[in-house]
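Colleague: Given the sequences, and given the hints that come with them, work out the whole structure.
Protein chains in written order, with the working numbering: chain H, 24 to 250; chain S, 6 to 242; chain A, 16 to 292.
In case anyone wonders, no lab produced these hints; they're calculated from the structure.
Fair warning: this is a prediction, and the values are worked out from it, not measured in the lab.
The reader is advised that the hints may include incorrect statements.
Said to hold, decoys possible - Here are a few chain H residues that face chain S, going by a calculated C-beta distance under 7 Å:
#1 Val93
#2 Gly105
#3 Gln108
#4 Thr190
#5 Tyr218
#6 Ala224
#7 Val230
#8 Ala231
Stated by the list, open to error - Far from chain S, some chain H residues (derived; all Cβ distances over 10 Å):
#9 Ala107
#10 Leu114
#11 Gly144
#12 Ala227
Ideal Cβ placement from N, Cα and C applies to all residues, glycine included.
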Amino acid sequence: MLAAAYNYRWDVVAANVDGLVSGLVVTLRLTAVGMGIALVVGLVVAVLRLSRSPLLRLPALGYIELLRGVPLFVFLFLVYYGLAQAFGLVLSPFAAGAVALGLTGSAYMAEIYRGALSAVGGGQREAALAMGLTPLQAFRDVTLPQALRVAVPPGMNLLIALLKGATLVSVIGISDMFYLARVVSLANFTPFEMYTVAGFAIVAVTVALAGLAFLLERRMARVDREA
Amino acid sequence: MAPLDFRPVWQNLGVLLAGARLGATVAVAGFGLAIVAGLIIALLRRSRIAPLRWLAFAYVQFFRGIALYVLILWLYFGIAVAAGITLGALTAGILTLALLNSAYLAEVFRSGIEAVDRGQREAALAMGLTPRQAFRDVVAPQALRVVVPATGNHFVDAIKDSAILSVIAVPELMRQATSLAQVTARPFEFYTAAAVLYLVVVVCVSSGLRWLERRLDYTRGLPWSRGTAVADTTPTH
Amino acid sequence: MGDPPRLEPVAGHAGRDQPVGTVPLLEVREVCKRFGDNLVLDRVSLRVAPGEVVVVIGPSGSGKSTLLRCINFLTPPDSGDVVFSGRQVQPPRSSAWNPLAGRSGGRDLVRLRSQVGMVFQHFNVFPHLTALQNVTLGLTRVTGRSKAEAEVRALEQLERVGLRDKAHEHPDRLSGGQKQRLAIARALALDPKLMLFDEPTSALDPELVGGILAEMRKLARSGMTMVVVTHEMGFAFEVADRIVFMDDGRVVEEGPAEQFRNPLHERTRAFLDAILA
Ligand SMILES: Nc1ncnc2c1ncn2[C@@H]1O[C@H](COP(=O)(O)OP(=O)(O)O)[C@@H](O)[C@H]1O
Ligand SMILES: [Mg+2]
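Modeller: Structure representation (structure tokens):
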């Protein structure tokens with residue numbers, strides 16, 4: 024059997040546990056920063072998208088469609104290699120990854136916010152205005168808190184998607200698990216061992232996040248049912 | 006910092022377009038396999054035999070949990086090498102897209118079947134339709150309306166995901182853009198061109214899908230068909 | 016069909032009679048509102064004296080809700096004036112630029128709204144806040160009270176509508192009747208000069224209607240000025256000083272409650288026959 028020719032070297036994995044762990048931490052940090060950008064920028068874009076003025080609404084719509092239509096992989100290269108060449112804007116791989124991930128995420132997050140804001144009935148805003156709250160107060164104290172709750176489950180899905188997207192950033196040389204796997208495998212010829220461990224690590228994290236999302240959603244559904 | 010120059014892009018447009026065509030072909034092939042596999046997994050998820058259900062569940066969880074980039078490295082550089090299989094880049098790319106999307110589609114199909122009220126099938130059988138007819142004329146059209154939008158979203162994601170196949174040197178659009186960007190030292194121009202081409206394909210496919218959704222929507226024009234729930238379009242890959 | 020007959024106000028409840036010529040608390044003059052081609056309010060006028068209870072009745076779609084919403088500018092009128100407490104309310108600037116403002120804004124408007132309470136058919140209590148927080152929100156945000164002060168006052172208001180023990184529950188734990196009491200407490204906490212009620216009992220189970228009407232009766236007895244859209248004619252005959260019948264965006268008949276036991280207009284008669292049948 025051909026497979027017998029492959030010499031399994033799990034000791035190489037063991038020797039690189041520290042590197043794999045810190046690589047995973049890099050991916051998680053990148054995901055967190057990207058999600059942070061997506062949450063903030065996405066809200067601004069969503070509010071513009073819901074504006075009655077076409078001057079605000081149309082650019083927001085364009086932003087959303089553009090960033091959702093371009094693959095993250097392409098956008099990442101554009102940010103990392105393209106900006107440096109065209110505008111002399113040299114970003115670190117981490118920064119380029121965070122920007123690409125965060126902006127792409129913000130387009131999806133904007134749509135999540137938009138759906139959530141529309142899901143809060145107009146009666147809520149009216150009741151707030153009727154008692155004398157300013158439109159800004161009505162948004163901040165009444166509409167937004169309710170919308171955020173609606174946005175949690177799809178937001179968790181986006182977080183998982185961004186984590187998967189963050190693994191891509193190793194192609195521009197960020198020192199995550201996959202970068203390490205490539206380097207170590209070249210030196211020791213252990214691609215199977217290294218990629219298997221790195222792959223299972225990612226699956227473990229995303230499945231855990233998905234489980235958390237499931238529990239969260241079920242808890243919120245129960246609260247709603249008790250209404 | 007040299008001024009932007011898009012002439013190299015125009016000169017190589019043919020190569021880029023050929024890459025786009027190959028990428029689309031790979032996406033269609035992978036997605037076609039995924040539809041078949043996804044249907045099977047969805048049925049296994051509802052099987053009466055518990056171990057089959059568990060197996061299908063594990064399959065779905067695993068492939069929904071893994072990133073395409075991770076899976077492709079693992080499959081192409083890890084598993085194939087360890088197993089001593091010579092896997093062509095194109096085959097590996099199609100296989101990866103198929104595995105990943107089959108897991109997503111299995112969930113889509115399952116929820117589509119479950120979305121149709123049990124009473125619908127019973128009513129159809131009660132009026133004398135055969136189980137086959139009940140499925141084809143009553144259950145399927147209703148399930149399809151639920152399934153098509155989500156399936157379409159995954160197909161669009163699959164097209165965008167085909168860009169990642171460039172890491173194993175499948176000569177699709179992104180791979181061609183990368184080599185040309187290096188050769189001409191014009192990454193901004195070539196990656197912009199790639200972005201525009203992907204955008205064009207995605208917008209065309211999305212509009213086609215929206216047309217299809219409208220055609221399948223038998224509630225179209227009925228007063229209560231407006232303002233239905235917002236589809237979750239979050240990327241899942 | 017000419018102007019609605021103008022009759023001298025007759026005595027309502029003892030001690031609440033308004034001398035003729037009293038300055039009205041609210042005056043709506045010739046208000047028009049259109050939605051597209053649909054003329055929903057056609058030169059509607061309404062005067063409400065301090066302490067007066069006016070009940071507005073009329074078929075569905077006749078413009079009753081729109082009239083109430085024009086009073087606090089949730090729906091800005093297309094033309095006509097709203098004078099409240101002797102001050103003409105400035106129509107809000109339509110703000111296309113501030114996406115949060117929508118068709119509203121202006122200090123004047125906020126002042127008006129804080130003095131005009133509104134109770135909705137579907138309660139519109141805030142589900143993400145506890146009963147207490149529903150009431151304190153306006154007190155802290157609109158009247159600028161401290162949190163501690165606001166809570167003391169909010170608890171008084173909840174007490175008043177019998178919800179003291181539900182203060183820390185979220186609305187999803189309250190029955191429809193309790194939600195509507197909460198909405199009333201929320202409005203009353205701001206010490207309004209005028210209360211608007213838009214079919215406050217229409218969304219309630221029949222057995223809960225009585226409680227809300229009792230609450231409103233209590234409020235009327237305390238001298239609150241009220242404009243109430245309702246089809247509860249028993250309540251109207253008992254509590255209203257005046258009844259206004261609207262149809263098709265116009266005031267068809269207006270007069271003391273007693274007049275509606277035997278209305279002057281055929282359309283009023285037909286409507287009352289239908290709902291009292
Ligand atoms: N926001 C709106 N847009 C368009 N038409 C409206 C709107 N609000 C009310 N209308 C229309 O105005 C008319 C009067 O409505 P409304 O004031 O709610 O009547 P009522 O409360 O007497 O039942 C109805 O024909 C209704 O369809
Ligand atoms: Mg109404």
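Colleague: Can you give the numbers of the hints that this structure goes against, from lowest to highest?
Modeller: Per hint list: 6, 8, 9, 12 violated.
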